[in-house]
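Number of protein chains: 2
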Amino acid sequence: MNATHRSRIAKIREKLADLELDALMVSIQENRYYLSGYTGEDAQFDESAGVLLVSASQLVLATDSRFDLQARAEAPDFEVVCYRKGLEKELPAIAANLDIRRLGFESVRLSHKNHAAYAKALQTVSPPVELVPTENLVEDLRKTKSEEEIQATVDALRLAEKAFSRVVATIRPGMTEKQVAWDMEKAMRELGAQGLSFPVIVASGPNSALPHAIPSDRRIVEGEPLLIDWGARLNEYCSDTTRTLVVGKPKDPFQNVFDTVVEARDRAIAAIRAGASGTEVDKIARDFIDKNGFGDKFGHGLGHGTGLAVHEAPRLSPIKDDLLEAGMIVTVEPGIYLPNWGGVRMENQVVVIQDGVRVLNDPAPFNPCIGN
Amino acid sequence: MNATHRSRIAKIREKLADLELDALMVSIQENRYYLSGYTGEDAQFDESAGVLLVSASQLVLATDSRFDLQARAEAPDFEVVCYRKGLEKELPAIAANLDIRRLGFESVRLSHKNHAAYAKALQTVSPPVELVPTENLVEDLRKTKSEEEIQATVDALRLAEKAFSRVVATIRPGMTEKQVAWDMEKAMRELGAQGLSFPVIVASGPNSALPHAIPSDRRIVEGEPLLIDWGARLNEYCSDTTRTLVVGKPKDPFQNVFDTVVEARDRAIAAIRAGASGTEVDKIARDFIDKNGFGDKFGHGLGHGTGLAVHEAPRLSPIKDDLLEAGMIVTVEPGIYLPNWGGVRMENQVVVIQDGVRVLNDPAPFNPCIGN
Chain H
3 MNATHRSRIA
13 KIREKLADLE
23 LDALMVSIQE
33 NRYYLSGYTG
43 EDAQFDESAG
53 VLLVSASQLV
63 LATDSRFDLQ
73 ARAEAPDFEV
83 VCYRKGLEKE
93 LPAIAANLDI
103 RRLGFESVRL
113 SHKNHAAYAK
123 ALQTVSPPVE
133 LVPTENLVED
143 LRKTKSEEEI
153 QATVDALRLA
163 EKAFSRVVAT
173 IRPGMTEKQV
183 AWDMEKAMRE
193 LGAQGLSFPV
203 IVASGPNSAL
213 PHAIPSDRRI
223 VEGEPLLIDW
233 GARLNEYCSD
243 TTRTLVVGKP
253 KDPFQNVFDT
263 VVEARDRAIA
273 AIRAGASGTE
283 VDKIARDFID
293 KNGFGDKFGH
303 GLGHGTGLAV
313 HEAPRLSPIK
323 DDLLEAGMIV
333 TVEPGIYLPN
343 WGGVRMENQV
353 VVIQDGVRVL
363 NDPAPFNPCI
373 GN
Chain D
3 MNATHRSRIA
13 KIREKLADLE
23 LDALMVSIQE
33 NRYYLSGYTG
43 EDAQFDESAG
53 VLLVSASQLV
63 LATDSRFDLQ
73 ARAEAPDFEV
83 VCYRKGLEKE
93 LPAIAANLDI
103 RRLGFESVRL
113 SHKNHAAYAK
123 ALQTVSPPVE
133 LVPTENLVED
143 LRKTKSEEEI
153 QATVDALRLA
163 EKAFSRVVAT
173 IRPGMTEKQV
183 AWDMEKAMRE
193 LGAQGLSFPV
203 IVASGPNSAL
213 PHAIPSDRRI
223 VEGEPLLIDW
233 GARLNEYCSD
243 TTRTLVVGKP
253 KDPFQNVFDT
263 VVEARDRAIA
273 AIRAGASGTE
283 VDKIARDFID
293 KNGFGDKFGH
303 GLGHGTGLAV
313 HEAPRLSPIK
323 DDLLEAGMIV
333 TVEPGIYLPN
343 WGGVRMENQV
353 VVIQDGVRVL
363 NDPAPFNPCI
373 GN
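Residue numbers (our numbering), protein chains in the order written: chain H, 3 to 374; chain D, 3 to 374.
Heads up, some of the hints might be wrong.
As the list claims (entries may be wrong) - Capping the alpha-carbon separation at 27 Å, the derived lysine-lysine pairs in BS3-like fashion look like this: (1) H:Lys91 / D:Lys115; (2) D:Lys285 / H:Lys322; (3) H:Lys299 / D:Lys91; (4) D:Lys145 / H:Lys285.
No lab work stands behind these hints: they were computed from the structure.
Let the hints inform the model, and build the full structure from the sequences given.
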């Protein structure tokens with residue numbers, strides 16, 4: 003078995019022993035990949051490319067005929083079981099074969115409907131199988147990244163930055179937000195991205211005051227903020243960066259807002275180290291923004307983990323406190339949003355190391371003013 | 003209120019009365035849009051752009067600050083409630099305000115974890131609120147389409163067909179499956195698609211024997227089957243079509259397989275009418291393929307509904323029997339898959355009418371041989 007998967011499965015098996023579970027059913031797509039290498043994707047929320055069943059001594063990947071060959075090729079350490087009439091019908095036999103009494107499941111992914119159907123089906127096994135909700139068993143492992151995972155993230159980020167440089171050189175007043183978003187997507191895909199981490203955000207002028215803006219037909223105007231938030235997926239890992247630009251000469255209060263955001267970000271980054279609290283790091287950026295008179299204009303959390311998913315643990319947030327550990331990759335993305343004027347957000351990705359932080363973005367100085 | 007939404011909500015309210023529910027919590031993205039016009043998207047399986055609460059007299063859209071302005075703009079008939087610390091914290095107050103005792107929820111979407119959290123939170127209301135699982139309350143309405151929905155689907159299909167014509171004219175031996183898939187995606191997007199219905203499938207030679215093939219770096223070879231399955235999303239509605247081509251002169255047994263699949267499809271289409279059984283329509287294609295000696299080479303169902311989701315009810319399937327009704331849009335997509343050689347699938351989209359069927363695809367004759 004691949005050493006990476008062996009080590010991850012060993013850790014899951016320790017947790018199973020601690021929780022007195024005979025096996026874990028893994029239905030979250032990223033968790034399946036993390037433990038097996040299987041890349042089958044759930045096409046819709048109500049569709050599934052299969053589940054892993056990890057017991058103390060056995061590894062099963064149950065899926066349907068569409069994914070059978072792919073599962074065998076990608077997950078050679080798992081016994082692939084192909085179900086014809088849905089998992090519900092086959093689960094009792096699989097559980098009996100694996101001699102399972104207590105079966106953990108991922109409560110954040112399993113629907114109420116499937117839980118009820120599986121629980122009922124498992125009552126038919128003798129002795130009956132108990133379904134036990136679990137949370138974060140695999141996600142907790144995914145929080146800290148190996149060197150290979152950090153490198154995969156850096157590769158995705160370099161690709162995304164290259165796409166940005168290419169597109170920025172072509173941005174002119176009069177282009178629409180949608181055009182720029184599509185140019186960014188094309189550039190990433192043509193540079194070899196397997197996909198986007200999330201739909202590209204391009205927001206100009208007042209639209210940039212919405213942290214979650216959707217690219218529109220609004221045309222770019224000189225002197226206004228132009229916010230671009232984008233990420234590439236490469237080798238399954240996600241990048242996530244934001245830059246705010248101005249075409250031509252920035253109008254007030256852009257420079258003041260921009261400088262405040264960048265300094266808030268860099269102060270927060272300087273405070274990150276193994277053992278730091280996510281809430282304290284968030285507070286450093288938030289307090290600086292507050293001190294500069296924009297206290298109520300930064301309405302979201304400071305950052306989040308990235309990896310196989312673009313949003314994962316840990317959070318840098320005023321609400322939920324996560325302890326930072328070496329190997330965690332997080333975004334640091336303060337913003338100031340002034341309704342009817344616009345907003346500035348500047349986001350880097352960093353990896354926590356023992357006594358500090360390593361910024362993953364290109365270290366070249368960033369000048370927000372373009373086209374002058 | 004928009005007449006379309008008014009009529010849909012009236013039908014949901016009738017169902018609530020039948021089920022003795024005081025309200026329905028709608029968390030499926032397509033269902034939210036169908037009843038309200040709100041297009042907020044759930045970015046990951048564990049993220050939500052909000053829920054609708056439909057009671058006999060009130061309409062609430064609960065979401066977080068990222069979607070607040072969008073929700074107000076798109077769903078003017080709903081009272082938008084913005085939660086700060088997650089729905090779990092706010093749901094008791096919302097339920098109390100709406101005077102709810104029995105609250106229906108969508109059991110196929112709500113996770114076991116959120117169900118447990120909401121159920122616990124709702125116990126704090128006086129009198130306590132009971133959560134009641136429901137299935138298909140909105141989906142059953144979505145199965146039959148209005149003229150506007152049919153037109154939206156036709157518009158998406160015309161766009162997808164135009165993209166296909168453009169790309170087919172450029173296909174040459176030596177191009178990779180991935181290149182063709184990306185060209186298809188670019189063509190759809192540049193013609194104005196809001197997105198894809200699903201990732202484009204391009205499968206050549208032996209790869210086309212996998213009904214669920216993922217585009218690879220395999221290069222197109224003259225004489226082999228080249229299967230393309232693609233769809234565009236436009237105005238929220240999905241198209242879905244498959245064509246199988248050959249570059250140059252087809253090698254045996256292509257023509258025989260192709261003719262069998264096309265006739266199986268067209269015989270099935272000829273049997274569709276309001277009142278027909280999905281399983282019987284499936285059987286007509288399946289029997290014809292069987293009679294021609296390929297009985298075990300057609301391993302999937304004949305078709306599925308399309309609409310706001312690319313896979314929705316009804317099914318044309320040997321396993322699950324759905325009654326066809328006027329206004330339903332379904333795909334008809336038999337295939338014959340010969341391991342190590344390749345496969346042929348030909349898929350049209352049709353709308354069921356009272357005494358027959360209307361094929362939505364371009365009626366021009368299709369010649370699978372290109373580049374001669």
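Inset, instruction - For the pair supplied as a hint, D:Lys285 and H:Lys322, confirm whether the alpha-carbon distance does not exceed 27 Å. - result: Not OK: D:Lys285 and H:Lys322 at ~55 Å, beyond 27 Å, violated.
Legend entry - Holds or violated: H:Lys299 to D:Lys91, with C-alpha atoms at most 27 Å apart: holds, 24 Å
Inset, instruction - Quickly compare the C-alpha distance for H:Lys91 and D:Lys115 to 27 Å and report which way the hint goes. - result: The hint holds at about 23 Å.
Inset, instruction - For the pair supplied as a hint, D:Lys145 and H:Lys285, confirm whether the alpha-carbon distance does not exceed 27 Å. - result: With a Cα-Cα distance of about 50 Å, the restraint between D:Lys145 and H:Lys285 is violated, given a limit of 27 Å.
Going down the numbered hints, you'll see the structure goes against 2, 4, while the others check out.
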